[in-house]
Amino acid sequence: MSLSVRIIPCLDVTDGRVVKGVNFADLVDAGDPVEMASLYGREGADELTFLDISASVAGRETTLDVVRKTAEQVFIPLTVGGGIRTVDDVDRLLRAGADKVSINTAALARPELIAEIADRFGSQVLVLSVDARRARTDSGFEVTTHGGRESAGVDALAWVEKACALGVGEILLNSMDADGTRAGYDIGMITAVRAVSRVPLIASGGAGSLEDFAAALDAGADALLAASVFHFGVHRIGDVKKYLSGHNYSVRNAPTS
Amino acid sequence: MIVILDYGSGNLRSAQRAFETSGRQVVITSDYDVALNADGLVVPGVGAFAACMKGLTDIRGDHLVRERISLKRPTLGICVGMQILFARGVEHGDHKGVGVWDATVEELDAPILPHMGWNTVQADPASHLFKGIEQESFYFVHSYAVKKKVGALSTMAHHGEDFLAAVEDGAIAATQFHPEKSGDAGLALIRNWVSGL
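Residue numbers (the numbering used here), protein chains in the order written: chain A, 1 to 257; chain B, 1 to 197.
Among these hints, one or two may not hold up.
[Said to hold, decoys possible] Sample of chain A residues at the chain B side, in silico, Cβ under 10 Å:
#1 T86
#2 A98
#3 A223
[Claimed, not checked] For each label pair, taking beta carbons as the anchor points, the in silico distance ranges come out as:
#4 A:P255 <-> B:H128: 24 to 32 Å
#5 A:T191 <-> B:H63: 30 to 38 Å
#6 A:D138 <-> B:T57: 26 to 34 Å
#7 A:V87 <-> B:N37: 49 to 57 Å
#8 A:G140 <-> B:E106: 35 to 43 Å
#9 A:G238 <-> B:R88: 20 to 28 Å
#10 B:G8 <-> A:R136: 46 to 54 Å
#11 B:D58 <-> A:N248: 43 to 51 Å
#12 A:E61 <-> B:R66: 39 to 47 Å
The hints are simulated quantities; they were obtained by calculation from the structure and are not laboratory data.
Yeah, the Cβ is synthetic: ideal placement off N, Cα and C, and Gly gets one too.
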């Protein structure tokens with residue numbers, strides 16, 4: 001046996017509630033992130049990611065509370081991203097029960113933040129979230145901000161190489177072209193990022209069919225993150241694991257029936 | 001009572017809750033005497049070897065671990081809390097550890113590091129910790145490990161090369177993975193450890 005592929009559902013949270021509705025009949029409160037996290041844990045999620053999209057300080061405080069409650073009930077790794085600007089922000093989240101944090105905009109604005117976090121807590125807590133799209137840059141991929149609407153003026157592969165040198169422990173690669181399309185992950189982008197990095201790579205954006213998950217793994221992804229296909233019950237986590245297991249990928253707790 | 005040793009290391013709250021699922025009272029403290037007298041002591045740990053070792057020695061945790069071993073009181077190291085029990089670590093320089101076992105913690109030779117995620121182990125049929133969960137996967141997050149067997153009973157795992165995933169050696173045990181983050185299998189391992197207290 002070898003290291004299993006990780007399947008990671010992502011929940012967008014604002015002011016303590018899950019947004020982008022979740023469509024499961026067996027939930028008492030589909031907007032409660034703690035209950036959603038717990039359900040995904042029972043369904044076989046290998047990790048969970050919360051993306052805090054709160055706009056206010058009060059909203060971020062509420063997120064700490066959500067992290068606390070989740071970490072007390074769900075005994076799998078929890079990554080939290082969104083709004084992290086400083087080493088102290090990271091410290092608060094880890095103390096609340098997060099195992100990893102993901103940073104994005106703040107690292108683009110001040111890359112030294114990567115080294116500061118890695119030096120204090122170790123690279124293993126730090127996920128670099130890269131929102132990238134196809135563009136006429138050196139590599140053909142550029143980093144975007146504001147949910148993919150604006151160019152950050154940075155080549156995506158150059159940014160990944162720099163961030164790895166500064167000490168990120170993992171890369172979450174979001175294709176802004178594929179995001180929400182359910183037309184498949186951007187395979188070319190995954191292949192290109194894999195070629196310039198040796199930290200684990202999480203593919204995100206575009207998951208639709210079961211074949212899409214396998215294609216991202218073939219391109220070099222170590223883990224697969226998805227939101228809407230899980231939230232709307234297009235696929236259950238067990239379906240993805242059963243499919244991958246049936247195609248000789250190593251997965252944890254694949255359903256046998 | 002179980003003590004989770006607080007020496008400035010990361011996410012202790014979820015470790016506390018995971019060990020509480022065993023039904024025991026679990027206290028997070030850095031108090032030497034409370035930790036010495038606990039039925040079971042858990043030494044967690046995240047971050048770099050040297051920083052972790054410094055945090056441990058600052059609260060005389062190295063003496064604490066040795067004293068508990070000599071008194072045959074159960075002690076469990078987790079992740080970097082396992083690594084610092086060895087004689088030596090070579091992460092960012094050459095550093096001394098507690099020295100329970102004579103081995104060096106070295107970087108894994110693997111194409112992708114950290115070794116991050118769920119992996120199986122090669123559990124020995126005689127293992128108490130892995131009883132009933134021999135075939136399960138556990139959550140690992142590390143780039144460094146010991147690459148040989150030590151102590152009474154070693155459990156190996158593989159990432160790029162074979163490495164030490166767990167040790168059971170009399171009163172002291174250790175896991176390179178995080179049982180508190182390994183779902184139901186991790187909670188079962190914790191129950192196995194607690195049943196031996």
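Checked hints:
Taking 10 Å as the C-beta contact cut-off toward chain B, the hint placing T86 of chain A at the interface is violated, the least distance being around 18 Å. A distance limit of 10 Å between C-beta atoms decides the matter here; for A98 of chain A the minimum to chain B is near 7 Å, and the interface restraint holds. For A223 of chain A, the interface hint holds, since its Cβ comes within 10 Å of a Cβ in chain B; the closest pair sits about 7 Å apart. Evaluation of the 24 to 32 Å hint for P255 of chain A and H128 of chain B yields a pass: the beta carbon distance comes to about 30 Å.
Separated by about 52 Å at the C-beta atoms, T191 of chain A and H63 of chain B break the suggested range of 30 to 38 Å. At roughly 48 Å, the beta-carbon separation of D138 of chain A and T57 of chain B lies outside the given 26 to 34 Å, and the hint is violated. The hint said 49 to 57 Å for the Cβ distance between V87 of chain A and N37 of chain B, and at roughly 36 Å that hint is violated. Checked against the hint of 35 to 43 Å, the C-beta distance between G140 of chain A and E106 of chain B comes to roughly 38 Å, which is consistent with it.
Between G238 of chain A and R88 of chain B the CB atoms are about 44 Å apart, so this pair departs from the stated range of 20 to 28 Å. The hinted range of 46 to 54 Å is satisfied by G8 of chain B and R136 of chain A, whose Cβ atoms lie roughly 48 Å apart. For D58 of chain B paired with N248 of chain A, a C-beta distance near 49 Å keeps the hint of 43 to 51 Å intact. Between E61 of chain A and R66 of chain B the C-beta distance comes to about 43 Å, which sits within the given range of 39 to 47 Å.
The structure is inconsistent with the numbered hints 1, 5, 6, 7 and 9, although it conforms to all the rest.
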